[in-house]
Amino acid sequence: MKAFITRRKSLLVAAGAALALSLSACGGGTTTTPPVNTPTFASGTTMEKLSKAGKITIGTKFDQPLFGQKGLDGKPVGFDVEIGKAIAAKLGLSADKIEWVETVSANREPFIEQGRVDIVVATYTINDARKQKVSFAGPYYEAGQALLVNKDDSSITKPEDVKGKKVCSVTGSTPAKTIVEKYQAELVPAANYTACLEPLRNKQVVAVTTDNVILAGYVDKEPDAFKLASDQTFTKEPYGIGLKKEDTVFRNWINDQLEAFAKDDTYKKAWEATAGKVIKTVPALPTIVRY
Amino acid sequence: MDAIFESLPQYWDGFLRTLFLAVVSGVIALLLGTLLAAMRVSPVAALRGFSTFYVEVARNTPLTIIFFFSAIVLPRLGVKFEQFEVAAIIALSSYTAAFVAEAVRSGVNSVPVGQAEAARSVGMTFTQVLGFIVLPQALRTVVPPLINIMIALVKNSSVAGAFFVLELFGYGLQLSNSRGDAVMWILIGVAFFYLLITVPLGLLAHFVERKVAIAR
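So the protein lines, in turn, are chains R and W.
If you use the working numbering, the first sequence closes out at 291, no skipped numbers anywhere.
If you use the working numbering, the second sequence closes out at 216, no skipped numbers anywhere.
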């Protein structure tokens with residue numbers, strides 16, 4: 001934890017005070033400085049409602065290191081959290097006006113439909129089945145399958161390198177299928193991704209594979225043991241911001257803000273302060289899908 | 001129901017691996033267990049002590065922990081193996097051997113002490129007494145408990161599915177992950193293939209028992 005704080009602090013120095021999204025090092029959490037301006041919105045819009053209410057409820061994951069993780073101090077940190085804060089800031093709401101709600105994969109759609117959250121920023125892959133129930137702004141990030149290898153292993157940089165070698169993944173998962181069917185790896189099946197770490201450490205498998213986001217979390221916890229084989233991913237998982245279905249005005253407004261974040265470096269700084277600690281390449285904002 | 005038929009290749013593959021684990025571990029466990037039982041009744045105190053210690057530790061430790069030790073701790077200590085099946089066989093046979101040893105020992109105890117005394121009185125050594133007189137009688141009486149231990153071994157081999165071995169249960173996990181709509185049928189299929197091994201074992205027990213039983 002100590003090293004973690006120090007890294008944060010050095011980042012803070014590097015980032016300087018002039019950022020739209022400045023960081024504070026207190027307790028290991030990152031907090032945004034709210035904008036001073038109070039924006040005005042057309043009446044009847046969700047933006048106006050939230051802005052007037054002076055509070056927003058955002059759903060995120062609490063157990064996804066680097067993206068959304070709730071630490072011991074109770075404040076969630078991560079890239080998703082930063083994106084959520086930046087959006088709230090555009091509504092004239094400072095970070096302390098945000099109520100964070102844990103949304104695990106299974107409860108995201110219900111929470112949006114029931115109005116228990118205003119938006120969900122939670123490593124939320126956009127797909128057609130989910131679009132039946134909720135709307136998505138974004139994508140704001142494109143995750144994808146990657147390989148986790150031992151820190152001292154430089155023989156594997158791309159998925160083609162694991163052909164005929166042992167790779168650990170979760171039994172029956174999509175990444176497991178891809179690595180076997182497309183890249184002819186020999187699968188070592190595990191019950192969950194954490195179980196894969198021991199065989200990797202013992203060099204009984206050469207790599208662990210799943211979404212880069214999950215793997216980056218392991219690297220963050222044990223930077224001396226593991227690394228990502230590459231910043232490149234070999235499948236595409238577009239992450240979107242979930243909101244109530246058919247709230248097109250709100251969705252378009254969030255899309256506008258995302259594009260603005262890409263222009264004014266908010267996006268880049270948010271990345272560098274969180275996931276960028278492991279995935280050094282700052283991603284470009286994917287093309288926003290306005291539908 | 002269709003989930004079972006479309007997954008038959010996986011079931012078959014898992015079935016063969018379960019069978020392989022059970023047969024190899026079973027043979028090793030029988031040999032090791034008989035050896036441990038012989039040590040347990042031997043006149044050498046150190047052998048008796050070692051056997052008692054081994055049997056008590058192995059049979060009182062949860063199998064999952066033994067698996068954890070052989071699949072994860074051993075490699076860390078430098079004992080590496082290419083295939084996780086090796087770890088599974090180490091775990092299953094060392095665990096089952098303790099039960100075999102106890103069963104054989106109970107068989108040895110069931111042989112009337114006069115048999116051993118008579119053998120000794122004609123000048124047989126300990127090894128001869130055990131090998132020619134006591135163990136042949138003892139093993140006959142322990143056929144039913146030994147088959148029970150083997151049935152338990154077949155079922156215990158499912159733990160390997162959680163330690164990187166794709167046997168029946170491992171495939172069951174995999175199939176139920178990809179066919180979330182048919183979990184019940186998939187598990188029924190898994191159970192069926194286990195029964196395919198264990199039910200014949202039970203019948204074999206009856207058969208062998210009738211053949212070799214000795215009236216006392």
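In short, the hints are calculated from the structure, not lab data.
Glycine is no exception: its CB is placed at the ideal position from the N, C-alpha and C atoms.
There's no promise every hint is true.
Unchecked claim - In silico EDC-like cross-links for lysine to aspartate or glutamate, where the CA-CA straight-line distance does not exceed 20 Å:
(1) K245/R / E113/R
(2) K166/R / D181/W
(3) K166/R / E198/R
(4) K163/R / E82/W
(5) K165/R / D128/R
(6) K90/R / D264/R
(7) K277/R / D152/R
(8) K165/R / E85/W
(9) K151/R / E198/R
(10) K80/W / D220/R
(11) K80/W / E186/R
(12) K133/R / D231/R
(13) K166/R / E102/W
(14) K221/R / D231/R
(15) K97/R / E109/R
(16) K203/R / E160/R
(17) K177/R / E102/W
(18) K166/R / D152/R
(19) K80/W / D152/R
(20) K203/R / E85/W
(21) K268/R / D220/R
(22) K177/R / E209/W
(23) K203/R / E82/W
(24) K236/R / D153/R
(25) K131/R / D231/R
(26) K166/R / E85/W
(27) K236/R / E142/R
(28) K80/W / E198/R
(29) K165/R / E82/W
(30) K280/R / E142/R
(31) K245/R / D152/R
(32) K52/R / D247/R
(33) K177/R / E56/W
(34) K155/W / D13/W
Unchecked claim - Here are a few chain W residues that sit away from chain R, every Cβ distance over 10 Å (derived from the structure):
(35) A3
(36) F5
(37) F20
(38) I65
(39) P75
(40) E117
Here is how each hint holds up against the structure:
Distance hint between K245/R and E113/R is fulfilled; the C-alpha atoms sit about 8 Å from each other, no more than 20 Å. Restraint check for K166/R and D181/W: not satisfied, since their Cα atoms lie roughly 30 Å apart, outside the 20 Å limit. About 13 Å separates the Cα atoms of K166/R and E198/R, which keeps this hinted pair within 20 Å; it holds. As the CA atoms of K163/R and E82/W are separated by approximately 16 Å, the hinted pair is consistent with the 20 Å bound.
Note on K165/R and D128/R: the hinted pairing is violated, with a Cα-Cα distance of about 34 Å set against a maximum of 20 Å. Restraint check: the Cα-Cα separation between K90/R and D264/R comes to about 13 Å, which is no more than 20 Å; the hinted pair holds. Between the alpha carbons of K277/R and D152/R the distance comes to roughly 19 Å, so the proposed pair stays at or under 20 Å and holds. For the hint linking K165/R to E85/W, the alpha-carbon distance of about 17 Å falls within 20 Å, and the restraint holds.
Note on K151/R and E198/R: the hinted pairing holds, with a Cα-Cα distance of about 14 Å set against a maximum of 20 Å. Taking the CA atoms of K80/W and D220/R, the gap is near 27 Å; set against the 20 Å cutoff, the hint is violated. Taking the CA atoms of K80/W and E186/R, the gap is about 18 Å. The hint holds against a cut of 20 Å. In summary, the hint linking K133/R to D231/R is not supported, as the alpha carbons are separated by about 32 Å, beyond the 20 Å threshold.
Among the hinted pairs, K166/R with E102/W is inconsistent with the structure: their alpha-carbon atoms are about 39 Å apart, more than 20 Å. Taking the CA atoms of K221/R and D231/R, the gap is near 17 Å; set against the 20 Å cutoff, the hint holds. Annotation: proposed proximity of K97/R to E109/R is violated, straight-line Cα distance about 23 Å (limit 20 Å). Between the alpha carbons of K203/R and E160/R the distance comes to roughly 19 Å, so the proposed pair stays at or under 20 Å and holds.
Using a Cα cut-off of 20 Å, the hinted pair K177/R and E102/W is violated, with the two alpha carbons roughly 45 Å apart. For the hint pairing K166/R with D152/R, the CA-to-CA distance comes to about 17 Å; that is within 20 Å, so the pair holds. About 19 Å separates the Cα atoms of K80/W and D152/R, which keeps this hinted pair within 20 Å; it holds. A C-alpha spacing of about 16 Å is found between K203/R and E85/W, which places the hinted pair at or below 20 Å, so the restraint holds.
The suggested pairing of K268/R with D220/R holds, with an alpha-carbon distance near 19 Å, which does not exceed 20 Å. Restraint check for K177/R and E209/W: not satisfied, since their Cα atoms lie roughly 48 Å apart, outside the 20 Å limit. Distance hint between K203/R and E82/W is fulfilled; the C-alpha atoms sit about 10 Å from each other, no more than 20 Å. At most 20 Å may separate the alpha-carbon atoms for a hinted pair to count; K236/R and D153/R exceed this at roughly 25 Å.
Of the supplied pair hints, the one linking K131/R and D231/R is violated, its CA atoms being roughly 29 Å apart against a limit of 20 Å. Between the alpha carbons of K166/R and E85/W the distance comes to roughly 14 Å, so the proposed pair stays at or under 20 Å and holds. Taken as a hint, the K236/R and E142/R pair is honoured in the structure, with Cα atoms around 6 Å apart against an allowance of 20 Å. Taking the CA atoms of K80/W and E198/R, the gap is about 12 Å. The hint holds against a cut of 20 Å.
Of the pairs offered as hints, the one joining K165/R and E82/W holds, with about 11 Å between alpha carbons and a cut-off of 20 Å not exceeded. Proximity of K280/R to E142/R is assessed by CA-CA distance (about 15 Å); at most 20 Å being required, the pair is judged to hold. Distance hint between K245/R and D152/R is unfulfilled; the C-alpha atoms sit about 47 Å from each other, more than 20 Å. For a cut-off of 20 Å, the pair hint linking K52/R to D247/R stands: about 18 Å separates their Cα positions.
Between K177/R and E56/W the CA atoms are separated by roughly 43 Å; this puts the pair beyond 20 Å, and the hint is violated. A threshold of 20 Å between alpha carbons decides the hint, and for K155/W with D13/W the separation of about 17 Å falls inside it, so the pair holds. Distance check for A3/W against chain R: the nearest CB is about 13 Å away, which clears 10 Å, and the non-interface claim stands. The claim that F5/W lies off the interface holds: its Cβ sits roughly 18 Å from the closest Cβ of chain R, which is beyond the 10 Å cut-off.
The non-interface label for F20/W is consistent with chain R: the shortest C-beta to C-beta separation is roughly 17 Å, beyond 10 Å. For I65/W, the shortest C-beta to C-beta distance to chain R comes to about 15 Å, beyond the 10 Å cut-off, and the non-interface label holds. Residue-level check failed: P75/W sits 4 Å from the nearest beta carbon of chain R, not beyond 10 Å. Against the 10 Å criterion, E117/W stays outside the reach of chain R, whose nearest CB is about 54 Å from its own CB.
Of the numbered hints given earlier, the model fails hints 2, 5, 10, 12, 13, 15, 17, 22, 24, 25, 31, 33, 39; all others are met.
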